[in-house]
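Chemist: Each chain, written out:
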Amino acid sequence: MLLDLPSARNEGWRWSNLSALPDIAARAPVGTVPAELPWLDGYGDGPRLLFVDGKLVAEQSNPGAIDIGPVEAEPRDHALARLVGPEGWRLRMGRDHAPQGLVQIIHVSTGGADHLPAEVVLDVDAQAEILETYIGNGWTNRLSSFRLAKGARLMLSRRLLGDGGFVSLTDRAEVGEGASFVSATLAAGGADTRLDGDIRLTGKAAYAEAAAALLARGSQRHDANLAIRHWQPNGSSRQVWRSVADDMATCSVAARVDVARDAQKTDGEQSLKGIMLSRTATINAKPELEIFADDVKCAHGATVGELDKAALFYLESRGVPPEEARGLLTRAFVADALERIGDEEVRKAFYADVESWFTTSSLVPSEVEGRP
Amino acid sequence: MLKIENLHATVDGKEILKGISLAIAPGEIHAIMGPNGSGKSTLSYVLAGRPGYEVTAGSATFDGKDLLALEPHERAAAGIFLGFQYPVEIPGVSNVQFLRTALNAQRRARGQLDLSAGDFLRLSREQADKLGLSMDMMKRHVNVGFSGGEKKRNEMVQMGIIDPRLAILDETDSGLDIDALRVVGDGINRIMRKPDKAVLLITHYQRLLDIVRPDFVHVLAGGRIVRSGGPELAHELEREGYAEIAA
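If you read the sequences in order, they're chains A and B. If you're matching positions, the first sequence starts at 4 in our numbering and goes up one per residue. If you're matching positions, the second sequence starts at 25 in our numbering and goes up one per residue.
Do not take every clue at face value.
Said to hold, decoys possible - Dumping the calculated PhoX-like pairs for lysine-lysine here, alpha-carbon to alpha-carbon at most 25 Å: (1) B:Lys163 <-> A:Lys351; (2) A:Lys268 <-> A:Lys300; (3) B:Lys154 <-> A:Lys312.
Unchecked claim - Quick partial rundown of chain B residues pointing at chain A, CB under 7 Å, derived from the structure: (4) Gly37; (5) Arg74; (6) Ala93; (7) Ala100; (8) Ser118; (9) Val120; (10) Ala126; (11) Gln136.
Don't read these hints as lab results, they were simulated from the structure. Note that CB positions come from ideal geometry on N, CA and C, so glycine has one too.
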């Protein structure tokens, strides 16, 4: 397949580097299922799906209320999302359905590219909690569509832990009246990422939250592009982005809040923060606000810097070695984005992922390594 | 214990310390007084190893070892504690987590085993109680939302837990009301007034020295120690002001 990919001249892709994708896509997948998979214990025989290279491994899955088959997912005109086929996984929860507990989905990529759509439809007052974990080293490309009816609640957690390769996630969400869409994403592996989100608050008093911690080292790149659109009054939204870049890595976040003319009493909050662990790392932060209503409250903040030198010295003067002090401060920084994960086991897993990122990190002061 | 000889130091290329000599033996409490800008805080930072404070001449030894060659955390492990004039707030890191990390890092550096979680909590509860801080405050993020007085008391709780041999206390009395001053002063006596320990107390005021009675008082002015004496020197300063003494 010939890949027609957007170039950096396109504003929405200015910080992207998709140049490796054709090569990754050309690699043949190995197809082996890893012996150890990062399932979270403690959820009994709750629903779980294992996809290897985009194909369901039925004998290691327990679909529960999830169907595998044709799904309706938008937007098909997105540069990466348009590559997905018609068949994927679908979770539909009716208003009388008992909650499924945590739905666990693991996506393994053993090489090459795989493209898969998903559809989550929550009827009035329905609830769902989904944890997706991405591992492997190929290109995993996903399009996910979420439709939440009145009073529905979705908690979506994603761990991007691949050793290498590329993960691209494109989300479209419609959040109905009084419904709540909460997502938390952690990129703590070696894969480059592109995260696209378009969350529409289509009902009154809807709530959306998007939190993400992006950790990058080496020449890795994380690139996120999210818009939360308030279409109706009394909605609220919250975005928390925490980027950490070491070595020559780049984290880029473009985060947007749109408030339509009718969306009075909107309460929108955006916090974009980045820490560079070395002077050669790059953090791009682009908070955007577009407000057409006149009675709204929108707070936004963006900061990029190094670790607080006064705090580092304070820790060191009490006996904490420099690497440990840097780790302590960076973990605290990242925790902002993960502390809202409601399920304690899931939250613990995220913190453990952060921990293992640090234990393999080069958290050494740049002076020591003689970096510029 | 601590021996400073002809210490010169610059900050941003400007010479602040212009030849300080001072010897502190175990069991002694030394007070350093002096007008604003005389170099008191700079001296404390230089001894603790703060980046940006450059020693250009002279020496400082601790137990005969070159203090200036050690990294800040190594100085702490050697037994030096700096009480900050403005304790730093660290969002996201709890006091308990911070202190346990610090204490165990020091213990490891000295070849000791880590303190267990239970033992550590017992120790921090005991120290916090004595300074009138609740365990709830100890579980909060380091100094975040603490009042000025609470921050200073927290410094003393930390000192009690870490149990250093030499405490350099930079205006630990500033921002304290009379009752808090008493609590903090008693804390210094309780933790540090021991035959094998010593204190370098940097202060502007006599009030703290009424509680923590110094054995020696030094007047720092213009980056030099211009006078040294016994406790009576502090009273003289209180009566006559720095201008008279430092002249």
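Chemist: Decide, hint by hint, whether the structure agrees.
Modeler: Verification of the supplied hints:
For the proposed pair B:Lys163 and A:Lys351, the alpha carbon gap of about 19 Å is at most 25 Å, so the pair holds. Distance hint between A:Lys268 and A:Lys300 is fulfilled; the C-alpha atoms sit about 7 Å from each other, no more than 25 Å. With a CA separation close to 31 Å, the supplied pair B:Lys154 and A:Lys312 exceeds the 25 Å bound. Annotation: B:Gly37 was flagged as interfacial toward chain A, and the flag is violated, the nearest CB pair being 18 Å apart, outside 7 Å.
Because the beta carbon of B:Arg74 sits about 5 Å from the nearest beta carbon in chain A, less than 7 Å, this interface hint is met. Because the closest C-beta pair between B:Ala93 and chain A is about 15 Å apart, greater than 7 Å, the hint is violated. For B:Ala100, the interface hint holds, since its Cβ comes within 7 Å of a Cβ in chain A; the closest pair sits about 4 Å apart. Taking 7 Å as the C-beta contact cut-off toward chain A, the hint placing B:Ser118 at the interface is violated, the least distance being around 9 Å.
Among the interface hints, the one on B:Val120 is violated; its C-beta lies about 13 Å from the nearest C-beta in chain A, farther than the 7 Å criterion. Given hint, B:Ala126 at the interface with chain A, holds; its Cβ is 4 Å from that chain's nearest Cβ, closer than 7 Å. The closest approach between the C-beta of B:Gln136 and any C-beta of chain A is roughly 12 Å, which is over the 7 Å cut-off, so the hint fails.
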